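Q: Given next are the chains, with one letter for each unit.
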Amino acid sequence: MSVMSRDEVESLIQEVLEVYPEKAKKDRTKHLTPNDHEVEQSKKCITSNKKSLPGVMTIRGCAYAGSKGVVWGPVKDMIHISHGPVGCGQYSRAGRRNYYIGTTGVNAFVTMNFTSDFQEKDIVFGGDKKLAKLIDEIETLFPLNKGVTIQSECPIGLIGDDIEAVAKKKTAEHGKTVVPVRCEGFRGVSQSLGHHIANDAVRDWVLSARDEDDSFETTPYDVAIIGDYNIGGDAWSSRILLEEMGLRVVAQWSGDGTIAEMELTPKVKLNLVHCYRSMNYISRHMEEKYKIPWIEYNFFGPTKTVESLRKIASHFDETIQQKCEEVIERYRPEWDAVIAKFRPRLEGKRVMLYVGGLRPRHVIGAYEDLGMEVVGTGYEFGHNDDYDRTIKEMGDATLLYDDVTGYEFEEFVKAVKPDLIGSGIKEKYIFQKMGVPFRQMHSWDYSGPYHGFDGFAIFARDMDMTLNNPCWKKLQAPWKKTEAAADEAVAASA
Amino acid sequence: MPNVMIRKDEAGKMTLYVAKRDLEEDIVSIEHEAEDRWGGEITLADGSSYYVEPLTAAPSLPITVRAKRGEAG
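The listed protein sequences correspond, in order, to chains A and B. Just add 428 to wherever you are in the first sequence, counting from 1, and you've got our numbering. Just add 1055 to wherever you are in the second sequence, counting from 1, and you've got our numbering.
Source of the hints: derived by calculation from the structure; they are not laboratory data. Take these hints with a grain of salt, some might be off.
No more than 30 Å apart at the CA atoms, straight line, and that leaves these computed lysine-lysine pairs for DSS-like [said to hold, decoys possible]: (1) A:Lys739 to B:Lys1063; (2) A:Lys557 to B:Lys1075; (3) B:Lys1063 to A:Lys604; (4) A:Lys472 to B:Lys1123; (5) A:Lys458 to B:Lys1075; (6) A:Lys854 to B:Lys1123.
Listing some non-contacts, in silico: residues in chain A with all C-beta distances to chain B over 10 Å [stated by the list, open to error]: (7) Lys471; (8) Arg676; (9) Tyr709; (10) Glu715; (11) Glu735.
Quick look at which bits of chain B chain A covers, simulated, 3 or more residues with Cβ under 8 Å [as the list claims (entries may be wrong)]: (12) 1088-1098; (13) 1101-1112.
Since the model is a prediction, treat every value here as computed from it, not as a measurement. Where a beta carbon is used, it is the ideal one built from N, C-alpha and C, also for glycine.
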């Protein structure tokens, strides 16, 4: 199928929305649009960050997912208590593949699940005492923890527990940071508010810890990686590039990060923001309070990585800029070889994405480097500022969908017929059963890293492995094949 | 009365950001932009406006201030 025109995309949207009741149709229309390069502000063509419709199948998460799962969870030397009933923590445990270095259960705790396991009596009589006891037990059992965060689940806000008071008391008692996070799942329309709440908790309870302390020796080349969750080792493959350039990475937020790194971040010279959606809040705060500028960068695919490395280098002196060029030249043969190998196998293939955070726009460049085209993209929980940034990246008249429902996504795929879909685990098996190659773009489908030049090689291999997998030709039962196809098979086997 | 943050973006243009409203917009004009008086009516690129009680000195950006929704907004 060739490229769709704007009218075709618009009529497709109308066609798909036909089955909804009038009111739902009116609401959903606002979230779906063909991309328009002439629109400067996304809010004129697409509505985002609004409550999902009751009755549709949304792919969003909750504020707890945004705080515990995304922002706080990867901080490896802190213990994150899922405060409330056991399920929220247990069913999301270790699902995000935030890699870290450390001995789990001794000095690192990312993949473990700590919960206050609320029972009926805790709901009736309040859970503060249980929480206090839990923190004491943690101190006994895991003395090498560097702090505790209390990630509230829905009941905490509903019954009005005072977790801040417990946090303050236990901070004084144990001399370790205890952070109460009011990220009850019912807050906001998606995980996005959870990111914001988590950022605010960092700001209020962690960030200013070393304001009066100058003992940390700084260099003019100190930077922090903000919003890289080290999925499959992403932050590591980003970090080596920055270090080879001569920069010193003081902190990783929050993949493979520690609370000490977070406390030192106000001492850096530049904040490098990868996931704008989840960490722009704290970057803006640091800019205001500590006068640390921040820039957004993109380490997916060589074109964007080179662009970003140069952009980062331009904030430093000539030695860094020169080293930046050296780094680029050193890796050029590597990525040229990757492109030479995989581009012929992937050229012209069309991709539809539906993910969260930064990926709906950031990975476009990586696909383009492989000669592939992104024909549709959308955010689970993006805001207007995300779509502002996306409009420029996407081709004209390509499909944009915000908080797409399960039904809409399926119908779009049936009409647009992409060669590959990138989305999450909940979508994976539906589309695979429909016979469409699929990659999970949340957890890199248990692969990764995808960031940086090293990551690109893995990215290219994974896309090839999925798209050109022989299994896609075997989906139809032999007796259902048309004669032409059967003849072809005979000819091939002869 | 939302809290708004005024900052200079990478290109050096002044922008106004309201977290609660997902608003990140270029500033077209500020009523008072003198050394000893800064603030007043702020007009944005999308046509809306905010009113910031004038400060007695030009602030160092970025800065978070309380602002009222302007008449046009």
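Q: All hints, please: hold or fail.
A: Each hint tested on the structure:
1. A:Lys739 to B:Lys1063: Holds. Lysine 739 of chain A to lysine 1063 of chain B sits at ~17 Å (cutoff 30 Å).
2. A:Lys557 to B:Lys1075: Outside the cut-off at roughly 34 Å; violated.
3. B:Lys1063 to A:Lys604: Given that 30 Å is the threshold and the Cα spacing comes to 37 Å, the pair is violated.
4. A:Lys472 to B:Lys1123: The hint holds at about 23 Å.
5. A:Lys458 to B:Lys1075: The given pair, whose Cα atoms are some 20 Å apart, holds under the 30 Å limit.
6. A:Lys854 to B:Lys1123: 43 Å, violated
7. Lys471: Answer for lysine 471 of chain A: violated, closest chain B Cβ roughly 8 Å.
8. Arg676: Check passes; 22 Å lies beyond 10 Å.
9. Tyr709: Since the minimum Cβ distance to chain B is about 7 Å, tyrosine 709 of chain A lies within 10 Å and the statement is violated.
10. Glu715: The assertion about glutamate 715 of chain A is violated, with a minimum of 5 Å to chain B.
11. Glu735: It holds; glutamate 735 of chain A is separated from chain B by about 13 Å at its closest Cβ, greater than 10 Å.
12. 1088-1098: Check failed, 0 qualifying residues.
13. 1101-1112: violated (count 1)
The earlier numbered hints that this structure contradicts are 2, 3, 6, 7, 9, 10, 12 and 13.
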